[in-house]
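2 protein chains.
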Amino acid sequence: MAIFSYLSPVFIAVICILIAVILQNKRNNQKEKKGKEKKKVESRPWVDEDLQDGTEVPADEEGKDEYQDIDEEDIEHIPFTPRRYDEQYMVKRSKEFYEVLNQRRSVRFISSEPVPREVIDNIVRAAGTSPSGAHTEPWTFVVVHDPEVKHKIREIIEEEEEINYRKRMGDKWVNDLKRLRTNWIKEYLDTAPYLILIFKQIYGILSSDRKKTHYYNEISVSIACGILLAAIQYAGLVTVTTTPLNCGPRLRVLLERPTNEKLLMLLPVGYPSKDATVPNLKRKPLDEIMVAI
Amino acid sequence: MAIFSYLSPVFIAVICILIAVILQNKRNNQKEKKGKEKKKVESRPWVDEDLQDGTEVPADEEGKDEYQDIDEEDIEHIPFTPRRYDEQYMVKRSKEFYEVLNQRRSVRFISSEPVPREVIDNIVRAAGTSPSGAHTEPWTFVVVHDPEVKHKIREIIEEEEEINYRKRMGDKWVNDLKRLRTNWIKEYLDTAPYLILIFKQIYGILSSDRKKTHYYNEISVSIACGILLAAIQYAGLVTVTTTPLNCGPRLRVLLERPTNEKLLMLLPVGYPSKDATVPNLKRKPLDEIMVAI
Chain A
1 MAIFSYLSPV
11 FIAVICILIA
21 VILQNKRNNQ
31 KEKKGKEKKK
41 VESRPWVDED
51 LQDGTEVPAD
61 EEGKDEYQDI
71 DEEDIEHIPF
81 TPRRYDEQYM
91 VKRSKEFYEV
101 LNQRRSVRFI
111 SSEPVPREVI
121 DNIVRAAGTS
131 PSGAHTEPWT
141 FVVVHDPEVK
151 HKIREIIEEE
161 EEINYRKRMG
171 DKWVNDLKRL
181 RTNWIKEYLD
191 TAPYLILIFK
201 QIYGILSSDR
211 KKTHYYNEIS
221 VSIACGILLA
231 AIQYAGLVTV
241 TTTPLNCGPR
251 LRVLLERPTN
261 EKLLMLLPVG
271 YPSKDATVPN
281 LKRKPLDEIM
291 VAI
Chain B
1 MAIFSYLSPV
11 FIAVICILIA
21 VILQNKRNNQ
31 KEKKGKEKKK
41 VESRPWVDED
51 LQDGTEVPAD
61 EEGKDEYQDI
71 DEEDIEHIPF
81 TPRRYDEQYM
91 VKRSKEFYEV
101 LNQRRSVRFI
111 SSEPVPREVI
121 DNIVRAAGTS
131 PSGAHTEPWT
141 FVVVHDPEVK
151 HKIREIIEEE
161 EEINYRKRMG
171 DKWVNDLKRL
181 RTNWIKEYLD
191 TAPYLILIFK
201 QIYGILSSDR
211 KKTHYYNEIS
221 VSIACGILLA
231 AIQYAGLVTV
241 TTTPLNCGPR
251 LRVLLERPTN
261 EKLLMLLPVG
271 YPSKDATVPN
281 LKRKPLDEIM
291 VAI
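Chains as they are written, first to last, in the UniProt record's numbering: chain A, 1 to 293; chain B, 1 to 293.
Just so you know, the hints here were simulated from the structure itself, not pulled from any lab data. Take these hints with a grain of salt, some might be off.
On the chain A side, residues computed to face chain B include the following (Cβ under 7 Å) [stated by the list, open to error]:
{"#": "1", "residue": "80"}
{"#": "2", "residue": "93"}
{"#": "3", "residue": "101"}
{"#": "4", "residue": "106"}
{"#": "5", "residue": "230"}
{"#": "6", "residue": "241"}
{"#": "7", "residue": "279"}
Source: prediction; values computed, not measured. In this text, a Cβ means the ideal position worked out from N, Cα and C, and glycines have one as well.
Let the sequences and hints guide you as you build the complete structure.
Now the structure itself:
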């Protein structure tokens, strides 16, 4: 009994420590959870959740000892002698290209008038000449012409965009876009003869079912989109560059694209409608965008 | 004394709980720290550290009640009636553009032969016609012609690239690039008559010293780079698309760019050297990059 009465305060202390540690752990776990949730809520509103998660292959998912199925021999190198213009003609061409591109505007009013499919093929071919990290060509261009599919795309985008405008984006961004008369009604998704949805492949799939890393896939596909925009303009068609916020997963499922593909951009392509208008914006002059050293 | 001897086990228990809570907190803090460090170490090797940190404006740094200095009135909207080509000519133009761009190759052997400055101005002008999120035009093109500055750029890049190849990139990536005969010796940084360094402005600075959010700045600037590449090719010059890994901060300081600008890409521009070679790579055919619905 003497031993027991001597131990009793120590015993109580031990139990108390155990309780304290358990409670503390529980609280920390909740904190962590909350922190994660908070992070999600505080996420940059203009970044599509679909772009944010899994932009690149998670290192642990990929496996460190997997190697690509490529021929590890050096690829043959061949002489390269492209066509060469004389200086005067080069200046003329560079000016001509600038002038064609400077006519480009983002047009949200697109006519339903048909466009030759061959033109669409050629502009996608042009985009496919884009450089990419380690020549992975990590892009898929889904060209939608079917009116029913176009309408389903519109339904998904308008549904999500309304939530974006009303809840996700915040006053500041909505305010910035108001100037451009941008809202969640996207008639052009029905009227444009073609919608081009550009997917980035966050990793490639080799014949052996192993994954192939796609370095810099988002930057590569964005560069390809730049070339696509130039091709559309050069052909004399119009578009508007859109990044449908939070619609990626639903559109991917609708268009039956595999899980390694994430929607990066959607471009409606066609002629401008007869009553098309654009905001009267100016571009920065050369001396505001270029620094010569 | 009776009270004291009654309290003593309780007293010990309270002190023990306090000690346990303090120890637990300390351990958790260390865990958090470790977690953060681990995250940094596990970062994707092909993403420039400079691109990773601060890609967008941190929400708390920005201040929630700051608004942009823009005229909040709607911008005037004006009719838009671009030039229109007949179908046949449109098909011809789209094909012609594709064929010009399909001649493009990434060239790592660039001649020191001079290039008219006017051509450089025009290709940068063309890139500046690119669309951008909420028309923020978040790009700066630094055109370096001065041989000493070019050489300093080369020194910085080769120093960092050697570390990248030897330590940061890992066998897999180095292996992928070996096929393209890419290494850390970048002679073109000295020989190319012009280096164009493209910076993305992660936020803008208003006259009132307040920050202006640049939505989607990385995607916007990548699109502009796509148009720049098309312009370079259309003019008959060559380049190679490079994203100097981990060199951003040092190059930014060298070129005296403000802290809101982060290096996205570097393009050496010129004629190919006489003995220029390129890896004998093929591009995917249309049916591998396009899905028609």
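These are the hints, each one checked on the structure:
1. 80: holds, 4 Å
2. 93: holds, 5 Å
3. 101: holds, 4 Å
4. 106: holds, 5 Å
5. 230: holds, 4 Å
6. 241: holds, 5 Å
7. 279: holds, 4 Å
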